[in-house]
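Participant: The hints should help you fit chain B onto chain A, whose structure is shown.
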Amino acid sequence: MIKRLLAVCAIIIITVAAQAQKDKSKQEAKYEEVSASLKNEIWAWKKPEFDVRNIPAEYNSYSTVVIARHQEIIGDSRSRSKFMIGMAFYREMSINTVTREAIKINDKSALSDYSEISFTKLENRAGMFRSNKAATYVGIRVIKPDGKMKEINADEIVQTNADKNKKEAKLAVSDLQVGDIIDYYIAQQVISDGTDYNESGLYRHSFLFYDDAPVMNYSVHIELGRKYAVEYRCYNGAPDFKVTRSDDDDIIMDAVKKNIPANKESGLWASPLRQLPITRLNIVPGYKGMFANKINARKPGEVYKNQSAEEYVEDRTNIIAMNNLGSFYGFAIPGAKDYMKQLQKNKEDITTDSLAGACYYLYRFGTLLQLDGSEKIESVIARPQLELNPDLFLESLSKYLRSYGVANSLVLTTSKYGPQMKDVLGDDFSYLIKTEGTKKSIFGFTDIFTPAFYTPSYFEDGKQAVTIDVGSNGSSKVKNFTKGSTNIPGTTAKANARIENLKVALTTDAATLQIDRNTTLRGHYKSDVQQALISFEEYYEAERKLFGIEKSLVEDLADGKRTRKFADELSAALKLEREKQKDRFTNEAKEWFEQEVTDLSNPKLHNLGTRHYKPDFVYSASFKMGGLVKKAGNNFIIDIGKLQGSPLTLTEAQRKRTIDVYMPFARSVETTITFTIPEGFNAEGVAALNKKVENETGYFITEAAVTGNQLVIAIKKSYNHAFEPAANWDKLLAFIDAANEFTNAKILLKKK
Amino acid sequence: MRTLWLTAILLAGSFSVVLAQDENKNISIKEATDEYRFVKGDKTNPVKIKQEMKTVYYCNDYRTSLTVAEFYNDKIEINDVDIRVNGDKVKNFKPNDEYYSMDGIFFSDARVNYFSLPLEKKGTTSTVKYEKTYSDPRYFTSIYFSEPYLVENKEVKLVVPVWMKLEIKEYNCKGAGVVAQKDTKGDETIYTYTIKNLPASIKEENAPGPTYIEPHILIMCKYAEPEGVRITYFNTLADQYKWYRSLVKEVGNDATTIKLKAEEITKGVTDDFQKVKLIFQWVQDNVRYIAYEDGIAGFKPDKAQEVLRKKYGDCKGMGNLMAEMLKAIKLDGRVCWLGTNHIAYDYSTPSLGVDNHVISAWLYKGKTYYLDATEKFIGFGETAERIQGRQVLIEDGDKYLLQTIPVVAEAQNTAFEKRVLKINGNNLEGKVTQTWKGESKEWLLSQFHDIKKEQQTDALTRFLNEGKSNFVISNLKIINLEDYNKDIQLEYDVVIKDAAVSFDKETYIDIDDRKDFINHKFEVDKRKLAFDFPYKGHMVYEVELQLPAGTKQASAINALKIDKPEYSFQGEYKAETNKIVYKREVRLKKTRFVKPLMETWNKDLQQLADFYNNQLTLTK
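Sequence order for the protein chains is A and B. Just so you know, the first sequence maps onto residues 1 to 752 in the numbering used here. Just so you know, the second sequence maps onto residues 1 to 620 in the numbering used here.
The hints are simulated quantities; they were obtained by calculation from the structure and are not laboratory data. Here the structure is a predicted model, which means the values were calculated and not measured. Do not rely on the hints blindly, as some may be mistaken.
[As the list claims (entries may be wrong)] Calculated cross-link-like contacts (lysine-lysine; reagent style DSS-like; alpha-carbon spacing at most 30 Å):
(1) A:K751 / B:K561
(2) B:K185 / B:K30
(3) B:K603 / A:K631
(4) B:K552 / A:K631
(5) B:K526 / A:K150
(6) B:K242 / B:K267
(7) B:K267 / A:K150
(8) A:K582 / A:K503
(9) B:K505 / B:K589
(10) A:K642 / B:K590
(11) B:K30 / A:K575
(12) B:K203 / B:K43
(13) A:K227 / A:K30
(14) B:K267 / A:K631
(15) B:K574 / B:K589
(16) A:K170 / B:K505
(17) A:K144 / A:K227
(18) A:K582 / B:K515
(19) A:K691 / B:K468
(20) B:K515 / A:K750
(21) B:K590 / B:K203
Chain A with its partners taken away, still in its complex shape (with noise of 0.2 Å):
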């Protein structure tokens, strides 16, 4: 694809599926014949804007310059309908879509972007229940600075893939140089059967009316046949969609923005749905018949403008429903067997909250780590870096802890990265669960080492999520189902910390440093570095202890009949694994520190950090720092400043901030440095590393102090909250600064 389209089109990639198709040629000469006939409609729209020539003097700074881009969503719909498994109805949705841009090409990395272009001519894809086709069409003119235009012919596109179910194309853009224009458009024609779009058989679609570049306009025309219903909603002054009907009782949709100025935020620390303006909008396949009523159904024909949170709450209360149908069955842990019996027998006489927390560590256990032979030993020694995903989980969970009796509800949130709970269009929603009769309530997960009543950093502080508690498994009646709200908590800068303690002194040969380091993560800190650090193994062992199993994983799975085999091959697996530990360490250390770290021994996991009564994340090693000792005559000048890790440095782009600040949660860090002064020196300098800026929004503090030959040098930062108003944005680049200035601090070690 033209490498910046993808992300202004934003169009959804439809993997497309269909019959297959009975005559090549035919085919091919159809996909010619309606190439040609596109390519004339599409060049002879009537829009002056793509013929505008005068591009303003101070847009040649920039890149490129959006001289118009229109986007078209054309749908009809067929007669025909399915009737699909999961009492959904589909019909088959025929969505033409039209991206054009006009484009100015100021310099060569933007005459790189809009160069070469891959696209897919066609795709079929046939299955049981689908029959789906998909076919991209492209043209592109060539503007000179003259005036003159060059049409791309056809016969420069490559085919790479004639698979008679796929085929695709390149094409290179012939004559464009900077200064040029570049016209094109990608148009595609997906006729689906809703099989391919996802499980609601929604088409989606962005559109982001801000771009890097300046864009002196954009439209957005959709027409949709009666069949369908449209819901929409715009974010942060977007444009508003003008509606009207045609003569057919079509729905027509438009919306333009002129003059859009290059955006010139850089990125960090931003969440565009809250802070930039877009609108989103989803193409429903409408339905009014049998259980419309039942199953939420947008009616045909209709437009949903900023739809009420609640409808879409009702749509997935309906999947929560379907979901919980059945019998839930558990798992068995055989090695646990004692545990959960024991857990089971008193669970009426411990806390609730023990209860909670001893669900969910078993149900991490069976689900997560326990292995039954039939695994790729690969994906075991990569399962701490396994993706998961967190709804499965949950829900699952839900219904487990429910088993135990500990009654909780499904609660429905947004990221801080997406949109306000009342802002929500479609299902935005993700899972966490609260437990009632406990002190903490929320569970949440990320990996495999998310302990109990986690949440993560990102649904933190969420406003008004909805709790669905369904009574009971089994239970699929909507009706009974107990809706509430709830706010989720946040978490403070001490609640996520990292606190180093280093002990350093100078090596005999007075090159480097040798470091002692102690480190523990709290909070949000841990999953990275635990993902990192931790083997599956040693998680193993940790985990299985705790509940009593007698025999490590491959004594285990060597006794089974079935599985001893694997045992041993896991066995060498593992091997190899351990001896990477003192890799993994080394490797950690040179990412915190962004320093050469030499001859790293001792390394040792103290608390893994992954049950909550038990939160921190410990571990310690030894090694060497080079780099950071200079010879000056007979004295020593040590950087001791680099000893704090490596703190944020802004780009002069990222110091300039108008939009509030998201980040991704409250957090401290404090290292605690013990330099050993050597025999025979004085340390200078110290008075110079006491440092302090602090204000509402956090601190650096340092305070240095000598004792007998220690020199003790305590750092301390802290951004105190996760959201800051753009309006603090100074106060927090003070600290931010004063960090990055006491990297450049230095000790004098004079010689006496």
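Facilitator: Same frame as chain A, but now just chain B:
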């Protein structure tokens, strides 16, 4: 010209690529056979080569799977593929077959046939069989013996009938456990290579090309007489040239169109050198590199007028266009073929595997000026490392000229920086001038032009201050970015905050904060292959530090001077009236570093690091 990579996978007979995993000790090849038989073909392709290969993979430690991929193209056909997993036939086995897309090549005829092959358990085997046919002996150039896994036993056999003449040359086979044998059976000569316990091939960054490393044979198909009439392939270099020449003659360049453009570019210019420079930079700036390697298009240049019209082309297209434009204004432009330094061969072994690049040359008063317009920002008279010292086949009517592109010293690529600074409190302040020549200029400009216009100044600043927030640049002037025949030059004012640290009466300054190559220590314990720097380097860094009144250098710092044939490190502090002059120079005179040299380099680099670590101490 086809890139080396394509050459390796498509021209080679047996380069079956198995995509290796990190832990490739888990898999080994118990047994492999690979037989090539020259057979009589049809009228269009009178000689064909039938290949039958069988590879038995063995699982040493734990169950896994591997990806087997076999490449082919218009000249190579895959006739059959079959697998056995643990001895059993696999139901519904259907390999994937698709266009093979490669970085740097827009479109080619390369296709890949691939699949995932399971190794069910420790101690089990899985077997892959392929049958292929080469339709033209020209494209059958080499057979590689190594695999991504340990090869315990492999037998490669070439069955050559008496009517087929070829020559075989071994590369990197010495000490690799390869035993060659030649037998005659009736009308056939059988070349057999037995390979035992050949270690897995190694992939390391910046390693020399596979022809330097991997044990393999180069096959030079000379001629064939299947039906008594001789078909000459590349019996001599003259034959190879003749074939290339025939392709060039078929191009159909339109002299009139080319002449118009050449004259337009050189309008009003009388000096021939200036004309060549203008045309060269015009092609560099206006013709994008887009490679088409579709069948014969991998060897035959596109029409010069087409490249001119499309404003894109590959090396052949640009080489041909350059030569035609020069000819159009009555200058002696020539098309040249060569193998870059990625290839171990030269033209003493005529074969399509020998070269992978086309450039042009201007012959003037007995001198040859090489012009490679695929190097987008290099100046006239400057040559890229990859073509230096390489034999070059220059068109000369029905004959050819064989020359060697001169090797140039590292001074072609000098990156120079001069700072004139004074101390202001804890800061250093002053002016900086930086210039880049040759390939360092090419590198800088190619990075620069990849960045959007509105972000270029910000990016350039970050490049100059290396992301250090205490290195504050102002009044940045770009003296030259457009004319590649001149040095790229930048000037700016700088404040380096907290660079002068005072303790009591003494001030300490880390005067060399560039510290070129400081982190370029070779991991000799891990590294197995030689290391190729992309080009020879020459970094010159000078600081003139004005001293405040009454201040002097507290103690002298020993100068550094290490001079080896492959590199040199030099540095010194000179105390002059009211100023200290620091000069440091690093020369990278050779680009290929073999292991013993890496060890010497590491030791010397430590001395350079120690020199860098000296702090200039000033006292009152």
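Participant: Going straight from one Cα to the other, do A:K751 and B:K561 come out at no more than 30 Å?
Facilitator: Distance of about 28 Å is within 30 Å: holds.
Participant: For the pair we were handed, A:K227 and A:K30, check the Cα-Cα distance against 30 Å.
Facilitator: Distance of about 27 Å is within 30 Å: holds.
Participant: Hinted pair, alpha-carbon criterion (30 Å max): A:K582, A:K503. Please report holds or violated.
Facilitator: With Cα atoms ~19 Å apart, A:K582 and A:K503 stay inside 30 Å; holds.
Participant: Straight-line Cα separation of B:K30 and A:K575 no greater than 30 Å?
Facilitator: Measuring from Cα to Cα gives roughly 24 Å; hence the hint holds.
Participant: Please work out if B:K552 and A:K631 have their alpha carbons no farther apart than 30 Å.
Facilitator: At roughly 18 Å apart (the allowed maximum being 30 Å), A:K631 and B:K552 satisfy the hint.
Participant: Are B:K590 and B:K203 close enough, with their CA atoms no more than 30 Å apart?
Facilitator: holds, 22 Å
Participant: Is the straight-line distance between the alpha-carbon of B:K185 and that of B:K30 30 Å or less?
Facilitator: holds, 28 Å
Participant: Keeping to a limit of 30 Å between CA atoms, is the pair of A:K642 and B:K590 held or broken?
Facilitator: With a Cα-Cα distance of about 35 Å, the restraint between A:K642 and B:K590 is violated, given a limit of 30 Å.
Participant: Straight-line Cα separation of B:K603 and A:K631 no greater than 30 Å?
Facilitator: holds, 19 Å
Participant: Can you confirm whether the C-alpha distance between A:K691 and B:K468 stays at or below 30 Å?
Facilitator: Roughly 20 Å separates the two Cα atoms, so the pair holds.
Participant: B:K267 and A:K631: Cα distance at most 30 Å?
Facilitator: violated, 61 Å
Participant: Taken at face value, is the distance from the CA of B:K505 to the CA of A:K170 at most 30 Å?
Facilitator: Violated, because 69 Å separates the two Cα atoms, which is more than 30 Å.
Of the numbered hints listed earlier, those contradicted by the structure are 5, 6, 9, 10, 12, 14, 16, 17.
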